[in-house]
Amino acid sequence: MKHRAVLVLLLLCVALGSARASENYQRECVVITGGCSLYEWEKFKAQPHDHWWANFVHASRVRFDQMRQQYGPDAKITWLVYRTAYEKRSKQEGRDLISMIESVRDAEHLNLVWFTKASELVDYLNYGQDRNQVKIGDLEYFGHSNKCCFMFDYSCEMDSASKCWLHETELGQIKRVDFAHAPFIKSWGCHTGEEMSSYWHNATGTRMWGAIGRTDYSNDQEVVLCSPGGHWVN
Amino acid sequence: MKLKSPLQIFSLLLGLFLLAGCVTDLTQSDYAARAAMNEAIKNEPPGNYFIGRRYYKVDYKFWGFVRSPGQPWSTSKLVMMNEQTKLAPDREKGILGSDHGYEYKLYGSFSGQTVYEPASNGFYPEFVLTGYDLISTNPAPILTIPGSNDPTRRIIETPH
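Protein chains in written order, with our numbering: chain A, 1 to 234; chain B, 1 to 160.
Accuracy of the hints is not assured; some may be wrong.
To be verified - Only some residues are given here: those of chain A computed to face chain B with a beta carbon under 10 Å:
hint, residue
1, HIS144
2, CYS148
3, GLU157
4, ASP159
5, SER162
6, TYR199
Said to hold, decoys possible - Beta-carbon label-pair distances, calculated as ranges:
hint, chain 1, residue 1, chain 2, residue 2, range
7, B, ARG154, A, VAL224, 45 to 55 Å
8, B, ALA119, A, GLN66, 46 to 56 Å
9, A, GLY229, B, PRO46, 29 to 39 Å
10, B, ARG154, A, GLU170, 50 to 60 Å
11, A, ASN111, B, SER74, 44 to 54 Å
12, B, SER111, A, SER227, 28 to 38 Å
13, A, SER103, B, LEU87, 29 to 39 Å
14, B, LYS77, A, ARG68, 46 to 56 Å
15, A, ASN202, B, GLY94, 40 to 50 Å
16, A, SER227, B, GLY97, 24 to 34 Å
17, B, ASP150, A, GLN66, 43 to 53 Å
18, A, ASP96, B, LYS77, 35 to 45 Å
It should be emphasised that the hints constitute simulated quantities derived from the structure, not laboratory data.
Being a predicted model, the structure only gives us computed values, none of them experimental.
Ideal placement from N, C-alpha and C gives every residue a C-beta, glycine not left out.
One chain only, chain A, in its complex shape (with noise of 0.2 Å):
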């Protein structure tokens, strides 16, 4: 009896094994942009956010160069942007910010995929490749948060609060079956890993890294980790 549950745990082993070795899916990048604010809410703050539109885009470009070193240069690359902002905050610079980010589209032969809901970008998640042929084994998040809530939209529409996010709550929107096997998952927003990590782990199964204490985009090479004792959690 003991020697048949043996065979049975290793004839496991090798089946799960075996269909480890057999994930013939392709792997898929998706990186989120979130929207900057409007000057037009911020200036009524003693330290206004978002004094450079390209704040969150800048920092995703970076990312976008370094994906291609770490998983080639032929790397499937999905660039998710909530449009709306980028819309609004054209009018603010006296310039077409959308051709800007369509040019760097162009430039990191992208997979650009605007939204204006974050119902659609859950859809792009979900339904956006077929996630039998297509998983996503790297996603990042680039924007404004706190410890809760992904805010695409932040101080654009009114003053510090959003009208397009992604709440902790409504992660279990997400499928699991999207994700490939051990995904890096990682959002570059404020506070994540103070709550918000743990909510996706249990809504995905997938880990994702987060800060503990703020994020700071103003280094030009890289998003920086700024409040006393912050630290990357997952």
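Chain A is fixed; fit chain B onto it per the hints.
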């Protein structure tokens, strides 16, 4: 009185707890003002407007309570103000929170959309403001919990 049994002690603690729940900031004159306010609300003419009460909190960005005319404050909603058409009175004046507690006749509409306010981690209905008239700078109180009317304290009370 000597408390001998656990039941007596429990009863005393329960009584104190319930009593604490009844503590308010209101004075006798406040109660009289509230009664007069409730009578006045009943006589508000219907129309294409709302009644708003500014509820300013230093740390939160909601605007305050908004209700339909003729309806009690218990039916009001704590709203996020969309100021793209018209700035709220305090922002227009350039001093946020300067009108805490003021009562307004508001023009505009509920957009039917929800807004996320990150500081309170709360979701609030959006009210699109198109105009306003000041009704009172010192209306009868609609909140009762001690401290909830203090802009610096993170207590959010809704009228009931």
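So, going through the hints one by one against the coordinates:
For HIS144 of chain A, the shortest C-beta to C-beta distance to chain B is roughly 8 Å, which falls under 10 Å, so the interface hint holds. The criterion of a C-beta within 10 Å of any C-beta in chain B is met by CYS148 of chain A, whose closest approach is roughly 5 Å, and the hint holds. With its C-beta approaching chain B no nearer than about 7 Å, GLU157 of chain A sits inside the 10 Å limit, and its interface hint holds. Satisfaction of the interface hint for ASP159 of chain A is found here, the shortest Cβ-Cβ separation to chain B being roughly 6 Å, below the 10 Å cut-off.
At its closest, the beta carbon of SER162 of chain A sits 4 Å from a beta carbon of chain B; the interface hint therefore holds under the 10 Å criterion. The interface hint given for TYR199 of chain A is violated, since its Cβ lies 13 Å from the closest Cβ of chain B, which is over the 10 Å cut-off. Judged by the Cβ atoms, the range 45 to 55 Å given for ARG154 of chain B and VAL224 of chain A is violated: they are separated by roughly 30 Å. A hinted range of 46 to 56 Å is violated for the C-beta pair ALA119 of chain B and GLN66 of chain A, which are about 33 Å apart.
Range check, GLY229 of chain A to PRO46 of chain B: Cβ separation about 57 Å, and the 29 to 39 Å hint is violated. Remark: the range hint 50 to 60 Å for ARG154 of chain B to GLU170 of chain A is contradicted by a beta-carbon distance near 24 Å. Against the hinted window of 44 to 54 Å, the Cβ-Cβ separation of ASN111 of chain A and SER74 of chain B comes to about 51 Å, which satisfies the hint. Our hint of 28 to 38 Å for SER111 of chain B and SER227 of chain A holds, since their Cβ atoms are close to 35 Å apart.
For the pair SER103 of chain A and LEU87 of chain B, the beta carbons lie near 36 Å from each other, so the given range of 29 to 39 Å is met. At roughly 49 Å, the beta carbons of LYS77 of chain B and ARG68 of chain A sit within the given window of 46 to 56 Å. Between ASN202 of chain A and GLY94 of chain B the CB atoms are about 45 Å apart, so this pair conforms to the stated range of 40 to 50 Å. Between SER227 of chain A and GLY97 of chain B the beta carbons are some 27 Å apart, a value that agrees with the proposed interval 24 to 34 Å.
For the hinted restraint 43 to 53 Å between ASP150 of chain B and GLN66 of chain A, the CB-CB distance of approximately 49 Å keeps it satisfied. Look at ASP96 of chain A against LYS77 of chain B: about 38 Å separates their beta carbons, and that is inside 35 to 45 Å.
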